[in-house]
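J.: Residue numbers (this note's numbering), protein chains in the order written: chain R, 1 to 236; chain E, 1 to 299.
Treat the hints with care, since some could be wrong.
[What the hints assert, rightly or not] Cβ pair distances, simulated, as ranges:
hint: 1; chain 1: R; residue 1: N76; chain 2: E; residue 2: G122; range: 38 to 44 Å
hint: 2; chain 1: E; residue 1: F154; chain 2: R; residue 2: M60; range: 32 to 38 Å
hint: 3; chain 1: R; residue 1: G138; chain 2: E; residue 2: R90; range: 30 to 36 Å
hint: 4; chain 1: R; residue 1: E220; chain 2: E; residue 2: V82; range: 54 to 60 Å
hint: 5; chain 1: R; residue 1: M60; chain 2: E; residue 2: A212; range: 53 to 59 Å
hint: 6; chain 1: R; residue 1: K68; chain 2: E; residue 2: F154; range: 25 to 31 Å
hint: 7; chain 1: E; residue 1: F154; chain 2: R; residue 2: K53; range: 25 to 31 Å
If you're looking for bench data, these hints aren't it; they were derived computationally from the structure. Bear in mind the structure is a predicted one, so any value in this text is a computation, not a measurement. Ideal Cβ positions, reconstructed from N, Cα and C, are used throughout, including at glycine.
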Amino acid sequence: MLLEVNNLHVSYGAIRALAGISFTLNKGEIVALIGANGAGKSTTLCTISGLIKPAQGSIMFKNMDLVKMPPHKIVNLGISQVPEGRRVFPDMTVLENLEMGAYTRKNRSEIKESLKNVFQRFPRLEERKHQLAGTLSGGEQQMLAMGRALMSKPEVMLLDEPSMGLAPMLVKEIFEIIKDINRSGTTILLVEQNAHMALSIAHRAYVLETGEIALSGRAEELANNEQVRKAYLGED
Amino acid sequence: MSAFLESILDPYYIQVLTLLGVYIIAALGLNLITGVTGMFSFGHAAYFAVGAYGAAILTVKYQFPFYGALLAGGIMAALAAVIIGFPALRLTGDYLGIVTLGFGEIIRVVFLNLDITGGALGLAGIAKESSIVLVYTLVLVTIYVMYALQNSRFGRALVAIREDDIAAEAMGINISAYKIKAFAIGCFFAGVAGALYAHLLLFLNPTDFGFAKSFEFLCFVVLGGLGSIPGVILGTSVLTLAPEFLRSLSDYRMLIYGALMVLMMIFRPNGLLGGVDLQRLVFKNKYKSQAGRSTAAGG
Numbered sequence: 001m002l003l004e005v006n007n008l009h010v011s012y013g014a015i016r017a018l019a020g021i022s023f024t025l026n027k028g029e030i031v032a033l034i035g036a037n038g039a040g041k042s043t044t045l046c047t048i049s050g051l052i053k054p055a056q057g058s059i060m061f062k063n064m065d066l067v068k069m070p071p072h073k074i075v076n077l078g079i080s081q082v083p084e085g086r087r088v089f090p091d092m093t094v095l096e097n098l099e100m101g102a103y104t105r106k107n108r109s110e111i112k113e114s115l116k117n118v119f120q121r122f123p124r125l126e127e128r129k130h131q132l133a134g135t136l137s138g139g140e141q142q143m144l145a146m147g148r149a150l151m152s153k154p155e156v157m158l159l160d161e162p163s164m165g166l167a168p169m170l171v172k173e174i175f176e177i178i179k180d181i182n183r184s185g186t187t188i189l190l191v192e193q194n195a196h197m198a199l200s201i202a203h204r205a206y207v208l209e210t211g212e213i214a215l216s217g218r219a220e221e222l223a224n225n226e227q228v229r230k231a232y233l234g235e236d
Numbered sequence: 001m002s003a004f005l006e007s008i009l010d011p012y013y014i015q016v017l018t019l020l021g022v023y024i025i026a027a028l029g030l031n032l033i034t035g036v037t038g039m040f041s042f043g044h045a046a047y048f049a050v051g052a053y054g055a056a057i058l059t060v061k062y063q064f065p066f067y068g069a070l071l072a073g074g075i076m077a078a079l080a081a082v083i084i085g086f087p088a089l090r091l092t093g094d095y096l097g098i099v100t101l102g103f104g105e106i107i108r109v110v111f112l113n114l115d116i117t118g119g120a121l122g123l124a125g126i127a128k129e130s131s132i133v134l135v136y137t138l139v140l141v142t143i144y145v146m147y148a149l150q151n152s153r154f155g156r157a158l159v160a161i162r163e164d165d166i167a168a169e170a171m172g173i174n175i176s177a178y179k180i181k182a183f184a185i186g187c188f189f190a191g192v193a194g195a196l197y198a199h200l201l202l203f204l205n206p207t208d209f210g211f212a213k214s215f216e217f218l219c220f221v222v223l224g225g226l227g228s229i230p231g232v233i234l235g236t237s238v239l240t241l242a243p244e245f246l247r248s249l250s251d252y253r254m255l256i257y258g259a260l261m262v263l264m265m266i267f268r269p270n271g272l273l274g275g276v277d278l279q280r281l282v283f284k285n286k287y288k289s290q291a292g293r294s295t296a297a298g299g
């Protein structure tokens, strides 16, 4: 087990976002967290990456509790987040954005190697490496955000709504890339509203409902589950 | 060198130009805080005052050597920035602006009520030490330091914080530590500038360091172009020299000064040299064809 979330409670003031969720992430897996708006999916990711502090619970990664750590230490441990809405640095060039992703690393030749890998995976980014990130299309910005996260050479990548605001064709392309990143050895925790796409590439999945885990299991099982089909796959 | 300049230039111009140099140093400090890191500070004059009073008290009352006092002024301002920064820099945007404004006023009122600063009577009897040559040497040093900072790992982290603090944090940047450091460095330069100011004007009065002065510094930076070093120098020059050259128009000069500001904001809303990065200008020409092609491709 690579990452273990245990009884996690998070509140925003009086509003309870997570009411004691527990789940695990094994090495080499793609795990999807699916659920409706406000179910607590993004909150879960931000709590793992340290941007939000939980009221209660633990997040164990390689026998260390991430709850007590500031975000920059968590990145150092090998957990990298692709935030919701991409959040690229708009007035920096594509190349500068990618360099920011390697901020915690010191070895220049290794950083160069990672940059080469990212460009191999996203040739479009190399074509536009001197363009300002704010002028990229949505799909390109998503690629950039993912490339930026890869620059820290993460063991675990946290992906928040990669399909948001993208055309269906591009969504397919992005999910192919996610699968490919996973095949080359990165464990992925994926948060998605697009349950259909998420379940098609994930190994396992958890269904979040108002801050609690309602269902969990293998992705194919969930995709065939009557309840899930009704609630999240738009079938009746 | 100073003697040579004094023989060919009117002492009035020398005074104005020296003061301009002092303001450039302070404005470059504020540029690191507001322009590069994106933290709005409405209290820059307070750190300028800490440097001015700190250095002047050391030379007048404790017979400190001037250069030691200059450095001490900067360090005292940086310390004040760290003390105030710890609680204040948890805030962002408008809220940070309001808090820095409040702290700025507190520092001014403290100087108004302390015995050692001479209170409302002001602090007099300061020796004239800030020559035009010294001030402009320090301007060059400041420009060099700021340029090196902005183009370092540290500088890029500050820009990342300005552009998107959440993404910067997710990239592994310890944003509170970087914000405090940037604030302290920016205020250090305000302190040094203050020390030079004290030994140029030879008399300090707390009313000179109020909100109006802070606002003036902010105007230098915003009108020149946030984050642009040449822009800040240009903005400071225009806004410092314009009132002096308009002096012959007496009562109308502030009117023209105001109109100038409005016009600049209409025609150059990002500041005179806002968004102009000399490096990137060269860069852009080099990659123009490529960029043009990719924009056309869209997607």
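J.: Are the hints correct? Go through all of them and say.
T.: Hints versus structure:
| no. | hint | in the structure |
| --- | --- | --- |
| 1 | N76/R x G122/E: 38 to 44 Å | violated (52 Å) |
| 2 | F154/E x M60/R: 32 to 38 Å | holds (33 Å) |
| 3 | G138/R x R90/E: 30 to 36 Å | holds (33 Å) |
| 4 | E220/R x V82/E: 54 to 60 Å | holds (57 Å) |
| 5 | M60/R x A212/E: 53 to 59 Å | holds (56 Å) |
| 6 | K68/R x F154/E: 25 to 31 Å | holds (27 Å) |
| 7 | F154/E x K53/R: 25 to 31 Å | holds (27 Å) |
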